[in-house]
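Protein chains in written order, with the UniProt record's numbering: chain U, 1 to 386; chain W, 1 to 386; chain F, 1 to 386; chain Z, 1 to 386.
Keep in mind the hints are simulated off the structure, nothing from the lab. Wrong hints could be hidden among the right ones.
It does not matter which identical chain is meant; a pair holds if it fits inside one copy or across any two.
What the hints assert, rightly or not - Calculated lysine-lysine pairs in the DSSO-like style (CA-CA distance at most 27 Å, straight line):
id: 1; residue 1: Lys-52; residue 2: Lys-228
id: 2; residue 1: Lys-2; residue 2: Lys-52
id: 3; residue 1: Lys-354; residue 2: Lys-60
id: 4; residue 1: Lys-334; residue 2: Lys-272
id: 5; residue 1: Lys-164; residue 2: Lys-263
id: 6; residue 1: Lys-257; residue 2: Lys-60
Keep in mind that this is a model prediction, so the values were computed, not measured.
Here's the letter readout for the chains.
Protein chains: 4
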Amino acid sequence: MKKRKILAVTGIRSDYDLMTPVYEAIHSHEDLELEIIVTGAHLSEAYGLTVKEIESDGFKVVDKIDSLLNSDRASGRVKGLAIQLQGMVQTVERVNPDFLLVLGDREESMSTALIGAYMNIPVAHVAGGDRVIGNVDDQVRHAVSKLSHIHFTTNQESAERLIKLGEERFRIFNTGNPGLDRLKTVPFLTKEELSRRLNFEIKENEPLILLIQHVISTEIDQAYLQMKITMETVKEMGYKTIISYPNSDAGGQQIIKAINEYKDLPFIHIQKNIPRLEFVNIMRHASCLLGNSSAGILEAPFLKLPVVNIGNRQKGRLHAENVQFVNHKIAEIKEAVNKAIFDEEYRRVVNNCKNPYGDGNTGKKIANILSTIPIDKKLMIKEITY
Amino acid sequence: MKKRKILAVTGIRSDYDLMTPVYEAIHSHEDLELEIIVTGAHLSEAYGLTVKEIESDGFKVVDKIDSLLNSDRASGRVKGLAIQLQGMVQTVERVNPDFLLVLGDREESMSTALIGAYMNIPVAHVAGGDRVIGNVDDQVRHAVSKLSHIHFTTNQESAERLIKLGEERFRIFNTGNPGLDRLKTVPFLTKEELSRRLNFEIKENEPLILLIQHVISTEIDQAYLQMKITMETVKEMGYKTIISYPNSDAGGQQIIKAINEYKDLPFIHIQKNIPRLEFVNIMRHASCLLGNSSAGILEAPFLKLPVVNIGNRQKGRLHAENVQFVNHKIAEIKEAVNKAIFDEEYRRVVNNCKNPYGDGNTGKKIANILSTIPIDKKLMIKEITY
Amino acid sequence: MKKRKILAVTGIRSDYDLMTPVYEAIHSHEDLELEIIVTGAHLSEAYGLTVKEIESDGFKVVDKIDSLLNSDRASGRVKGLAIQLQGMVQTVERVNPDFLLVLGDREESMSTALIGAYMNIPVAHVAGGDRVIGNVDDQVRHAVSKLSHIHFTTNQESAERLIKLGEERFRIFNTGNPGLDRLKTVPFLTKEELSRRLNFEIKENEPLILLIQHVISTEIDQAYLQMKITMETVKEMGYKTIISYPNSDAGGQQIIKAINEYKDLPFIHIQKNIPRLEFVNIMRHASCLLGNSSAGILEAPFLKLPVVNIGNRQKGRLHAENVQFVNHKIAEIKEAVNKAIFDEEYRRVVNNCKNPYGDGNTGKKIANILSTIPIDKKLMIKEITY
Amino acid sequence: MKKRKILAVTGIRSDYDLMTPVYEAIHSHEDLELEIIVTGAHLSEAYGLTVKEIESDGFKVVDKIDSLLNSDRASGRVKGLAIQLQGMVQTVERVNPDFLLVLGDREESMSTALIGAYMNIPVAHVAGGDRVIGNVDDQVRHAVSKLSHIHFTTNQESAERLIKLGEERFRIFNTGNPGLDRLKTVPFLTKEELSRRLNFEIKENEPLILLIQHVISTEIDQAYLQMKITMETVKEMGYKTIISYPNSDAGGQQIIKAINEYKDLPFIHIQKNIPRLEFVNIMRHASCLLGNSSAGILEAPFLKLPVVNIGNRQKGRLHAENVQFVNHKIAEIKEAVNKAIFDEEYRRVVNNCKNPYGDGNTGKKIANILSTIPIDKKLMIKEITY
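Turn these sequences into a full structure, and let the hints guide you.
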């Protein structure tokens, strides 16, 4: 039997990290072969040129499609989508895959789904059905679901939401969050080893905060101020804090600017781009994850890590008891962080929290479905259920 | 008070015809001003260079954005979307409108919705919530709804479907089909005048068929054969038949090829692009509309015109009793056409059919809503209802 | 030794026909391998979808890049260039060739040369140094020379012109017109066989005209009228005439329109796209080539075929005694055609005319140079000689 | 009489600074009006978002066209050109100018020239005919000359070179370097004022170096190392040094990286983007300009400023006695800098050097020619002179 060819699309480090277990499961599945389109922030030095990682991970990169404009205006993002779409059409036509595979709600999710829909190639979409109000990403995610043929959700609630939104049941599979597969397998580093690798000392009995804060598309104007508030809080608290740069979205430069105004504080460590090994081990050793990263929702409960989520990003999203939501106010943030670090009762709750995002076997589940689901008229012709 | 600026996008003659009453109502509304982006088939000689009509209608064209590739491959359509999107971003940023306005489920609908969503400009979408299985357009239409902020549906069923699909009630207005506004106002031509204008004789007491058949995106390969069957039927029946060219979609060239193989039949009249005045009057005088044009669903009941819809396009769509659905089979088509022309009982039913698509005042209703709806956070931040 | 990889770019049937002998010589050279980017009119049904020929000729097509917009405005051509360039960058980066190879003065010549110059890949340009006043193509050809690293000219005069224009001598090779290689090898068809293949009778003792007329970019507005004059002359003369469609340039639709207004004349035969075998044999049997095709300049002297060149296209170009230049006037055209067909003295001159465009071994010469020329700093860093 | 509309294109701060006097002269000319397309690095926060300056200077910006990809690969630059070209076509068609105006040899120079040539709009090109071996810019500059209709050279040698390269004499005007116009008019700042504005102390009797080093496209790989050598020399010499960031070309990030490794040296001042007022006054007060900026060739002789030009950029270019050329070697650089600062004899020579780049009235000369030169067939149809 001819192997089914899966053409995956990845546009940014954070998504690649989540999808790696899926890629590995496809790559090693005897009835599947994997090819990857690399686009977006992966190709930018400013975001760590992470395409090199993908290549050194041994995956077959079939085209590198620059799409990230050096622009901070709102138009830059959708113009980048247009550029990406134009390049990807050419690649997909050449590669002629059996499936397109993409995660989430970014520009490349939309590009991929549009190509599949117009070119009659089934699109497998990972992490549809989630709900995160207040961001263009939410609208994009649901639109991508409407264009996709198979939905691999990360949790049961999202699977049920897709049904309510008119998607046919046979297209929906709750396979869990693939990021958890890798959390299980990333090697453990001691605090000492981690300190050496980061060139930043993490001592045994002191609080450690991991801070990642992204822009919200509807609040681009406030990005700088929002980050200033967070950084001011970090300064006042004085705890060891490791800060990772935000995504390449419009406004990201504002966040970076605010971060760098505090770069001389002795107790903080700023890193553009933290490799996965170090990142997971920071989460393992941290007392609290601060900011608005989706890792707080998706991965932190698996690691029993308390999260303080600032502002509207991630609001309304399915989460476990490990997340406290606060506003962009110094006092609120401080109180929540201190509760996360020192409140024994709360830390016990977090330690027993249930993780709604699966059991860490997502990659294999997805690969198995892609290798067996019939590619037929039923799959290709979508009917909304209303 | 500053007038609200509405930036409308139109990509093809058939859509422009439907939207003209809306454009006119906006243009003449004292609190609104209208600017138009012209793209797609409007700019192509092969499709009648209909941009000239738009300009001579007196609307302000702010940019002409070529996007129609001379390609019949499936990839051509989505690459055209990418090119269109890239150009439109630039225009929208310059024009900086209060609303984007677009109809339907074509490439420009998607481009417009994406720009609005990413650039935080409210998108008013006309004709969402419809349901036409078997075509990429259906997926695109629902995806566009997910990205749009205001829905002007053409019928009550579609309004209710949008609610079921998770759209918030306050965004949905059943304003009816704008095409009907114009049906009311297009001047009446006698058969004699019409004959002279078309240079094709239409006699008083003979059957007259209007034939328009488009490609279905999921059946591109069969486009030629499907049209051959229709043309063969036309030949066998021998009735006077006026044929209009299909849309500029992939595969359209195949349809045109099939049509032209019959161009020497004395009783047929082929026209690339029929102006609105003639088109409406052909519908008024025709005995039957044949093919798969959406005019059969949307406009024909208003004119009490029987329709024979061939194949899967329009299937599952809300329609009145004037439509018979048949397969691509000569015998079936012939029987249905003869019933439409000669069966007095059936013609009586059609003559009394109820039109689910409104009362012909759509343009004014839409203009009024656009002039008064608050542009605020509630409008801009979408929440799906599940 | 690793084979050198040559990445050729072709955008239109007429150029492909000229280059085929070069492609074949590269393809069969033991130290070279050939890959081809297909773009432009090759991918359009309206121009015969000639990509299929390239594939059936056994060449490796590495990407199909749609770039031909369905537009007749002047902007359409340069926007198509932009689209083509954007797609080709992606392909060239992936293929990573040792040389880029392109002919002439069309959009793809410019795209290829720009990519080579910016990406530091040597560009071998065929047919530089020619001089054809009155057309944007002339400016483009010289600009392409400035960006290219190796010049394969079709005649000595052009080689010397390149030196005068500041190009270094070591980059310039007068290898002749590759089109002649194929003229030598195309199988001979009798008039009878040719008639059967064309489905158009060519008798033994009657005049036969081959007519090809393209648009001039600076005279787009006049394209329709110019072709009307030619067609009116054809009608008046009443000789058997075979007419081929023009290139896909802006205005081409006007030419086609004028042609089709005469399509019912019994003594003419119109063909969108004449395959090479038939085309060469028409030239072998024709009494005269009419219009403004470059075949009249480049190939006709090799076949001793009289040419009547109408208007400004080809003017000022190196040519043999077989070409008469006339204006867009019926009387002038008629007189020149009759001289070409019936004037024994003139036909003797043509029969002895010297061909300045080489000996029909161009393909091998180019392949040999590409296989041996050192790819070093001297080749890559251009110095103009003044 | 209707004013002639000049559509200028600018893509980067350094070019805008040079062209400002021309823009001002056009803007204030009674028979001309000026509109500007802003593209490239002007729109990037990373390069100072200099579009704001253009707007605050009071010029009419007709479109902002993002084109700068966040990519350091060689392909990024030419893909950016494609994106820019696609956007600009749309703007030029809408604005429909009498002339296009552009400077130099960057991507926007090529985009502008291609659009003018294909759309039959005369292109006025500033600074053609220069000769700077070893860079893709040189090839691009000459190719742009081939596509342009009017040449405004900055010096007599370049005017003569264009004639040798086959350009017609009537198209060529030696109007001088427009940058000098502004050098004359920029207000004088004392060292004290300048120190305060830069927040960097410049004392009365100490050496001051201005350092600007750009990437050479053919030596991208060595960009980092080359800058390290320069920075190491700066460190060893220990003189006050003001460093400006390089252009946005591929490899620029490498230069920036090398600069920032020395950011803690107390005697250096790094600034992303130095406003024109400060920049000119730094040149007025500096003892030496170091690196490879074209300001050293074009503006420094006007100010009698000694220049040490490192490496191959600017090599072979017309220059006055104020420039010393050195290799990327610490000893060579150091010796030349010390000669520039301390060798009285050499400083006397520099002080008397003749400036080959005009008298500072370039803007007016260009505006006058643009307002009077006939726009006719002679201008539009280019004939190379060989």
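Task: Homomeric proximity label, Lys-334 with Lys-272: Cα distance no greater than 27 Å - done: within (25 Å within a copy, 35 Å between copies)
Open item on the list: Within, between, both or neither: how does the pair Lys-354, Lys-60 come out at a Cα-Cα threshold of 27 Å?
Closed with: neither (37 Å within a copy, 56 Å between copies)
| request: Classify it for me, Lys-257 with Lys-60: is the Cα-Cα distance of at most 27 Å met within a copy, between copies, both or neither? | output: Neither way: Lys-257 and Lys-60 sit 36 Å apart in one copy and 30 Å across, limit 27 Å.
Using 27 Å as the alpha-carbon threshold, which applies to Lys-164 and Lys-263: within, between, both, or neither?
neither (47 Å within a copy, 50 Å between copies)
Exercise. How would you classify Lys-2 and Lys-52 at a CA-CA limit of 27 Å: within, between, both, or neither?
Worked result: Classified as between; 26 Å across copies, 30 Å inside a copy.
Checking Lys-52 and Lys-228: alpha-carbon separation at most 27 Å within a copy, between copies, both or neither? The answer is between: 24 Å across copies meets 27 Å, while 32 Å in one copy does not.
Violated hints, listed in ascending order, are 3, 5 and 6; each of the other numbered hints is respected by the structure.
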